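S.K.: Read top to bottom, the protein sequences are chains A and B.
Here our numbering is used: the first residue of the first sequence is 362, the next is one more, and so on.
Here our numbering is used: the first residue of the second sequence is 104, the next is one more, and so on.
To be clear, the hints were calculated from the coordinates, so they are not data collected in a lab.
Accuracy of the hints is not assured; some may be wrong.
Computed spacing ranges between beta-carbons, pair by pair [claimed, not checked]: (1) A:Ile514 / B:Glu161: 31 to 41 Å; (2) B:Gln149 / A:Thr515: 38 to 48 Å; (3) B:Asp290 / A:Lys523: 15 to 25 Å; (4) A:Asn489 / B:Pro239: 16 to 26 Å; (5) B:Gln149 / A:Asn489: 19 to 29 Å; (6) B:Ser105 / A:Ala484: 17 to 27 Å; (7) B:Asp129 / A:Lys523: 44 to 54 Å; (8) A:Lys523 / B:Ala136: 30 to 40 Å; (9) A:Lys523 / B:Gly160: 24 to 34 Å; (10) A:Asn489 / B:Gly160: 23 to 33 Å.
The structure displayed is predicted, hence computed values, not measured ones.
Backbone N, C-alpha and C fix where the C-beta goes; we use that ideal spot for every residue, glycine too.
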Amino acid sequence: MRRVILALVSTVTGLVMLLSFKTHQTPLTASTAAGTGTGSSGSTGSSSSGSGSSSSGSSGTTGTTSGGGTTATGSKTVTGDEAQTRYGPVQVQITVNNGRITDVETVEYPTDTPRDAEINQFAIPELNQETLQAGNAHIDMVSGATYTSNGYITSLQSALDKAGL
Amino acid sequence: MSAHHVEHCMGTVFSIDVRDAGPWDDAIAEVVAWLHHVDAVFSTYQDGSDISRIRRGELAAADADPDVLPVLELGTEIEAETGGWFSVFPGGELDPTGLVKGWAVERASGILLDHGSRNHAVNGGGDVQLAGEAGPGQPWTVGVADPHDRTHVLTTLTGRDFAIATSGTAERGAHIVDPRTGAPAVDLASVTVVGRWLSRVDAYATAAFARGAGARDWIDGMGGYEAVIVGLDGETTVTSGFATPARTPAA
Chain A
362 MRRVILALVS TVTGLVMLLS FKTHQTPLTA STAAGTGTGS SGSTGSSSSG SGSSSSGSSG
422 TTGTTSGGGT TATGSKTVTG DEAQTRYGPV QVQITVNNGR ITDVETVEYP TDTPRDAEIN
482 QFAIPELNQE TLQAGNAHID MVSGATYTSN GYITSLQSAL DKAGL
Chain B
104 MSAHHVEHCM GTVFSIDVRD AGPWDDAIAE VVAWLHHVDA VFSTYQDGSD ISRIRRGELA
164 AADADPDVLP VLELGTEIEA ETGGWFSVFP GGELDPTGLV KGWAVERASG ILLDHGSRNH
224 AVNGGGDVQL AGEAGPGQPW TVGVADPHDR THVLTTLTGR DFAIATSGTA ERGAHIVDPR
284 TGAPAVDLAS VTVVGRWLSR VDAYATAAFA RGAGARDWID GMGGYEAVIV GLDGETTVTS
344 GFATPARTPA A
């Protein structure tokens with residue numbers, strides 16, 4: 362079941378992207394595999410784990426600029442134009458292998474906001490070890506297992522909200 | 104004027120705390136509308152939601168709300184990153200619930216950024232995205248709830264521009280499953296993960312909790328993420344990025 366849905370999703374993604382590519386034929390630009398700047402633009406909103414690098418065209422063999430034609434030299438990664446959706450830009454990258462789309466990656470999600478490099482920096486927060494006496498620690502927010510609406514009523518977060526409202 | 108708002112949505116409560124000079128009425132209204140929109144699209148409790156309709160085969164993902172495909176794509180990325188310990192198909196059926204709240208909160212923070220707020224916090228049921236700082240020169244302080252006594256704070260974390268999420272059984276019982284077996288994860292009391300953005304921080308906390316004993320080593324191997332892990336016996340361990348170990352709570 363799960364595989365079926367996944368396959369469906371990626372097929373559907375491919376179709377959607379093909380459609381949107383059709384409307385953006387000219388601006389297609391080729392890019393070498395991993396260097397599309399997913400990380401630097403913070404497009405997926407996190408992680409240096411290189412979500413954008415995946416399986417796409419390891420060698421970046423062609424690196425040419427035409428979107429349509431496919432050479433016999435192997436896979437080619439093409440990054441499409443930004444598509445504007447209700448909630449922000451979506452940009453996808455497809456890998457074409459011998460004329461067939463073998464991978465579709467979303468390199469920019471509508472989660473994106475114009476966050477600058479400073480905002481994307483991450484410094485590990487400081488873990489404070491001093492014993493906390495009730496009432497003497499200033500706390501802005503509380504993280505814990507997800508409470509229900511009812512559980513919230515008696516939560517520490519609820520007390521903080523009451524104090525701040 | 105700063106602003107503080109509490110919104111019930113998605114079966115939990117969202118707390119929005121903006122520290123910049125306002126007004127913020129329009130920005131908060133947009134965040135509130137966003138959260139309810141996400142609920143309407145992704146809820147597995149509402150029969151008419153896009154996800155419910157996709158599950159029943161009544162709606163193709165491509166015809167659904169434009170946020171659906173990116174979320175499913177993000178979910179499959181995170182599944183790979185977590186070695187299968189997080190999945191938007193837990194137990195085999197499409198259910199992106201474990202991803203949606205953190206993602207929605209991260210985006211809520213993005214809405215506030217777009218409206219010009221550089222310093223704010225958004226808490227979705229215990230998972231928090233923090234932007235900037237609490238006050239000039241003053242980092243945010245976030246308490247980590249003690250899973251064995253929810254009225255008690257185990258430790259606090261102070262920092263700027265980070266996200267923090269906790270997975271555990273303290274509030275809703277053994278609801279986190281090992282996506283590979285469908286069996287409830289019961290090895291730990293709670294896992295709290297910090298990192299830059301809440302989408303992955305939240306999903307990684309869930310994955311680490313499902314992993315149980317292997318959680319600390321796994322997070323230690325993930326660049327840009329740290330964790331506070333509480334065992335069933337109350338013993339607290341932390342990942343190596345936190346310079347010194349957290350205290351163990353007194354019995």
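S.K.: Take the hints in turn and mark each one as holding or not.
M.R.: Hints and how they fare:
no. : hint                            : result
1   : A:Ile514 / B:Glu161: 31 to 41 Å : holds (36 Å)
2   : B:Gln149 / A:Thr515: 38 to 48 Å : violated (27 Å)
3   : B:Asp290 / A:Lys523: 15 to 25 Å : violated (35 Å)
4   : A:Asn489 / B:Pro239: 16 to 26 Å : holds (20 Å)
5   : B:Gln149 / A:Asn489: 19 to 29 Å : violated (41 Å)
6   : B:Ser105 / A:Ala484: 17 to 27 Å : holds (24 Å)
7   : B:Asp129 / A:Lys523: 44 to 54 Å : violated (25 Å)
8   : A:Lys523 / B:Ala136: 30 to 40 Å : violated (24 Å)
9   : A:Lys523 / B:Gly160: 24 to 34 Å : violated (45 Å)
10  : A:Asn489 / B:Gly160: 23 to 33 Å : violated (51 Å)
Hint compliance for this structure: hints 2, 3, 5, 7, 8, 9 and 10 are broken, all remaining hints hold.
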